[in-house]
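Chains as they are written, first to last, in the working numbering: chain A, 1 to 612; chain B, 1 to 612.
Do not rely on the hints blindly, as some may be mistaken.
[Said to hold, decoys possible] Below are the DSSO-like pairs computed for lysine-lysine, each with C-alpha atoms no more than 30 Å apart in a straight line:
{"#": "1", "chain 1": "B", "residue 1": "K611", "chain 2": "B", "residue 2": "K587"}
{"#": "2", "chain 1": "B", "residue 1": "K501", "chain 2": "B", "residue 2": "K587"}
{"#": "3", "chain 1": "A", "residue 1": "K450", "chain 2": "A", "residue 2": "K522"}
{"#": "4", "chain 1": "B", "residue 1": "K611", "chain 2": "A", "residue 2": "K450"}
{"#": "5", "chain 1": "B", "residue 1": "K522", "chain 2": "A", "residue 2": "K587"}
{"#": "6", "chain 1": "B", "residue 1": "K501", "chain 2": "B", "residue 2": "K516"}
{"#": "7", "chain 1": "B", "residue 1": "K242", "chain 2": "B", "residue 2": "K26"}
{"#": "8", "chain 1": "A", "residue 1": "K612", "chain 2": "A", "residue 2": "K587"}
{"#": "9", "chain 1": "A", "residue 1": "K612", "chain 2": "B", "residue 2": "K450"}
{"#": "10", "chain 1": "A", "residue 1": "K501", "chain 2": "B", "residue 2": "K587"}
{"#": "11", "chain 1": "B", "residue 1": "K587", "chain 2": "B", "residue 2": "K516"}
{"#": "12", "chain 1": "B", "residue 1": "K501", "chain 2": "A", "residue 2": "K501"}
{"#": "13", "chain 1": "A", "residue 1": "K450", "chain 2": "B", "residue 2": "K516"}
{"#": "14", "chain 1": "B", "residue 1": "K611", "chain 2": "A", "residue 2": "K587"}
{"#": "15", "chain 1": "A", "residue 1": "K612", "chain 2": "B", "residue 2": "K26"}
{"#": "16", "chain 1": "A", "residue 1": "K587", "chain 2": "B", "residue 2": "K612"}
{"#": "17", "chain 1": "B", "residue 1": "K450", "chain 2": "A", "residue 2": "K611"}
{"#": "18", "chain 1": "B", "residue 1": "K450", "chain 2": "B", "residue 2": "K522"}
{"#": "19", "chain 1": "A", "residue 1": "K611", "chain 2": "A", "residue 2": "K587"}
Rather than coming from a laboratory, the hints here were simulated on the basis of the structure.
Number of protein chains: 2
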Amino acid sequence: MLYRLWTWLVGPPLPTQEAAHARLNKIRALAAFSPDALSSIAYANQEIFLGLVAMGSLGLSYSFPIGLGITSLLAVVAISYYQTIHAYPSGGGSYIVARENLGELPGLVAGGALLIDYVLTAAVSLTAGVEAIASAFPFLWSYRVEAALFLLAVITLINLRGVKEAGTVMSLPVYLFLFTYLGMLAFGLIRALLEGPGDLSVVAPAAIEPLSLFLILRAFASGSTALTGVEAISNGVPAFRKPESHNAGRTLIVMALLMGALFLGSLGLTQYFAVVAGPQETILSALARRLVGSGPVYYLVQTSTLLILTVAANTSFADFPRVASILARDGYLPRQLSNLGDRLVFGNGMLLLAGDTTLLVVLFGGDSHLLVPLFAVGAFMAFTLSQSGMVVHWRRKNGPGWQVKSLLNGFGALVTGTMVMVVVVSKFTHGAWITLLLIPSLVWSFYQIKNHYRRVAEQLSLHGLPPSLQPVPRLRLVVPVSGVHRATIEAINYARALSDKITAVYIEIEPGSGEKLRARWKQWFPDITLVVEPSPYRSVISPLLEFLDRTDREHNDGTLAALVLPEIVPARGWQGLLHNQTAWLIKTTLLYRRRSQGYQRVIIDVPYHLKK
Amino acid sequence: MLYRLWTWLVGPPLPTQEAAHARLNKIRALAAFSPDALSSIAYANQEIFLGLVAMGSLGLSYSFPIGLGITSLLAVVAISYYQTIHAYPSGGGSYIVARENLGELPGLVAGGALLIDYVLTAAVSLTAGVEAIASAFPFLWSYRVEAALFLLAVITLINLRGVKEAGTVMSLPVYLFLFTYLGMLAFGLIRALLEGPGDLSVVAPAAIEPLSLFLILRAFASGSTALTGVEAISNGVPAFRKPESHNAGRTLIVMALLMGALFLGSLGLTQYFAVVAGPQETILSALARRLVGSGPVYYLVQTSTLLILTVAANTSFADFPRVASILARDGYLPRQLSNLGDRLVFGNGMLLLAGDTTLLVVLFGGDSHLLVPLFAVGAFMAFTLSQSGMVVHWRRKNGPGWQVKSLLNGFGALVTGTMVMVVVVSKFTHGAWITLLLIPSLVWSFYQIKNHYRRVAEQLSLHGLPPSLQPVPRLRLVVPVSGVHRATIEAINYARALSDKITAVYIEIEPGSGEKLRARWKQWFPDITLVVEPSPYRSVISPLLEFLDRTDREHNDGTLAALVLPEIVPARGWQGLLHNQTAWLIKTTLLYRRRSQGYQRVIIDVPYHLKK
């Protein structure tokens, strides 16, 4: 029944041969890879505003300069990745580039940073999206956690259904967002030329902290989350039509230009018109209200913001499971993460991502502002490692003009590396410490897991084992019985078909019951020994285990007796509550002993099915 | 480890022969059986006050008359049970008396009513106790649920440790309560004679409802919860010293007199001094403050109230598991409830009671006033059935003076039966409907469970089966393998020791992997057939089950092939997360199929233990 519900939700299983990938033209590719990058202006703007507003109107006058700084960063990062795209036409994720060029540890650090980054992308995008729509509908403000989790559930399901459905749904919101935002900003520019600037000193709340370089740097660090997602295209080069690298490179340039325009445009207009937001509104929402009023166009803008942020969260559902599956295939993560599910997607990875995101959204109360400080560290760390890897790559390849290419990527690495420092120092107490703790612990786990798989392989290996093996001697079987009834007969008959060394054992809880049973036993099974074990403490398990251990010691032939368990299976689940579940208890206890004591006793489970 | 924690909490197991019962003298017996009855004045007073205060001072002037009515009821019920004690010296609980004299259905109704009653005794006593102490320490008022659950946890643990410890702890609070309350009331009586009455019309809040017979009747019905617990002694006659019935009867009379004195004394003084309580105080607390001031004596009174109410909740831990175990032994409840646990107590019944009580306390927000309406219905229903049963008992026995005895119990049945009506009608919308729904559903479950056990016995019975049985033919074994490694060798060796009809099956998820395996297989197991089954949907389970069903059909010898499962057992629990758990998945799926389709396939589980 559960299975049927699941199939209804995610669709019927797909056969393996359907796993062919459709190539994307540039229009669809832009929609597929850009949402994360484009949508990050939503929270980046918000972070810059929140970072500066504490310093009053004087602080807010630094918005546009900070925006210019971040846009320059964007240019550096985009150029660096443009080179990566051409160097790795088969897809150059940070993990692959770092691992291939810098070695295992840097690769794993990049991998861990990426995984954290993807979870945060999902969490921040969803909460920021909910904040955008809650700015329009204030009653939603107190249901931010629920709303974010609802959206998460929807995109999880869409993604579990598989890539094809996911692809078609996603194009629309991206172009809707570009259309409404570029339109709004152009309209705003016209109004700006006609109306003249607003006065920040009139509308900004009073400064509660003095202007300081540290606080401006912190606002800059927070705003730099705008850059997350720029690397997406370099991961997905093989999805482009031929010539892949050429098309991907062009798309990256278009995306970077669009991002720059949106980011500078919105920041510039906000400062020009002296727009300020209250506590239950985002700064972009306040800007939209100022530019287009509170009518239907405003609601369209907020809805398109919510939609693109949701689509951005969705990109994590492509990226996280893919990177996790690569790490799992290399043995650094549980191998279930590399299983292609019923619907040809990495379903386990998606569920893991959904679980982690839920945890973050709930722990941080659905507040994107609390989540952002965790965010930039991982992204810039992955950038830095990837760019450093590229430097090594060019030098090794030693192709024409490798020095220039190396220099460009080296500059990228330097800039993003500096950004790691800036973010860590300025946001450390705000939450960056969490990411700084998480990355090493993830890397440590990667090593532990890899070690475990290596040890398992060693222990299972047949290396040095001769192909001719002595079979184990005829097995001794022990059948615990609760009386003489049909389930007992079934179990004894099976035991007879398997071996002729059979002992039945009865655990006597009520004194005297053993003697009664012995009389009946003689009548039905005269040839099988029945041992009656007293149980002064009324437990079935301990006397049974002691009996098994004792007989093994007595026989002392190096083998353990196998346990033949007569198991009465009720016709319906609820009826299980009416039985003592002794068979289940025995199996569970043995499982535990197996784990803790290496107890390799074979269990032969003989079910007897009740029909009503 | 869990087991060790458990042993530390409840003590080491006790052997069966220690299950002898110490007989109680009258002093200890009173302490053992009266707390429920005596303590009920705490919530009965409160209910009468809350029921009347809505009608203002005029309403409150009915407190003492209502008290007189309830005390007369008490006399009737006590006389009825005095007779039961002499008729059933081996213990005459309502279930036994009703079942023996009136038949199965009335017995089960009484049993169901009693079980509900015991859960409510625990829930109401604990919440009322917390309210008593929160009246003294108001900050506790907002932690009522947590405090009640804490007390519940403590008495659950004490009871799980076993009867002896429970007995000694309980005497003290009862006599402390009697001492402080009788002293306080006597002191109050003296002050009443010296000081003269208070004026209700001055202190009572304004009436928010007009005086009405219905509301007075409702207050009377609520107050009648004072009677719950009177039947306790009649259940426990065998625990008294010889002559049991004589001693038990005397104790009952003493208890009834004490109850009457406490109840009438407290109600009378409350009305005489015109005591009124605020929203975060109980009326008994207000009375105590009026009589002895807010000094240490007041705190002693409130503490002793909390203690006796806790001890009253504790009596449920003796009664509920006992009645449940009798019902379980008769086949009306899961038989686990009749298992004597490690500590010679009905531990499962105690845990069930603790669980149900937790549920009630949480659902009703720890408010005794919301719980009380559910309460009296069950108690009076059990009273009525028990008294009616006694009428039949006397007539059947036909001893000297049976008509008088019959008449007395008949009058008791009539009075308590009327009370059922009164309570149901006046408290229906306040929560009595819940109990009215619960009792029939419990009775329905009793019948379902009984039916199930009867059908199981029929299906397991050997009736008509000849003692000479044909053994099943030599078994066919199927070994699913994931490759050639040590766990495979272990499983194949076991299979070889059990049978010579062995087939290995490999589920091929990655196309082509089957051919590679076949080559290695030939080298290691040349004599065993390997079947490669393709799995286009990448599932292990379905192709395996289809293969098993197909081979069974092909052989068509009336038997199912047994499944030999090579199971790799990791050295530590967390490592399980790193494996696909295919063996576990196969077992779970088969378990489910067993339930739903009567699938009696034998599973032979061959563990291979990893050492690191």
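We went through each hint and held it up to the structure:
Only pairs whose Cα atoms come within 30 Å are accepted, and K611(B) paired with K587(B) is accepted, the gap being roughly 23 Å. Of the pairs offered as hints, the one joining K501(B) and K587(B) holds, with about 22 Å between alpha carbons and a cut-off of 30 Å not exceeded. Proposed proximity of K450(A) and K522(A) is contradicted: the alpha carbons are some 57 Å apart, above 30 Å. Using a Cα cut-off of 30 Å, the hinted pair K611(B) and K450(A) holds, with the two alpha carbons roughly 16 Å apart.
Among the hinted pairs, K522(B) with K587(A) is inconsistent with the structure: their alpha-carbon atoms are about 34 Å apart, more than 30 Å. Restraint check for K501(B) and K516(B): the C-alpha separation of about 24 Å stays at or below 30 Å, so the hint holds. The suggested pairing of K242(B) with K26(B) holds, with an alpha-carbon distance near 11 Å, which does not exceed 30 Å. The hinted pair formed by K612(A) and K587(A) meets the criterion: a straight-line CA distance of about 25 Å does not exceed 30 Å.
At most 30 Å may separate the alpha-carbon atoms for a hinted pair to count; K612(A) and K450(B) meet this at roughly 13 Å. A C-alpha spacing of about 27 Å is found between K501(A) and K587(B), which places the hinted pair at or below 30 Å, so the restraint holds. Restraint check for K587(B) and K516(B): the C-alpha separation of about 28 Å stays at or below 30 Å, so the hint holds. Distance restraint check for K501(B) and K501(A): the Cα-Cα separation of roughly 20 Å lies within the 30 Å cut-off, and the hinted pair is therefore satisfied.
Between K450(A) and K516(B) the alpha-carbon distance is near 25 Å, which keeps this suggested pair within the 30 Å criterion. Pair hint K611(B) plus K587(A) holds up; C-alpha atoms about 20 Å apart against a cutoff of 30 Å. About 51 Å separates the Cα atoms of K612(A) and K26(B), which puts this hinted pair outside 30 Å; it is violated. Proposed proximity of K587(A) and K612(B) is supported: the alpha carbons are some 23 Å apart, at most 30 Å.
At roughly 16 Å between alpha-carbon atoms, K450(B) and K611(A) fall within 30 Å of each other, so this suggested pair holds. Of the supplied pair hints, the one linking K450(B) and K522(B) is violated, its CA atoms being roughly 57 Å apart against a limit of 30 Å. Distance restraint check for K611(A) and K587(A): the Cα-Cα separation of roughly 23 Å lies within the 30 Å cut-off, and the hinted pair is therefore satisfied.
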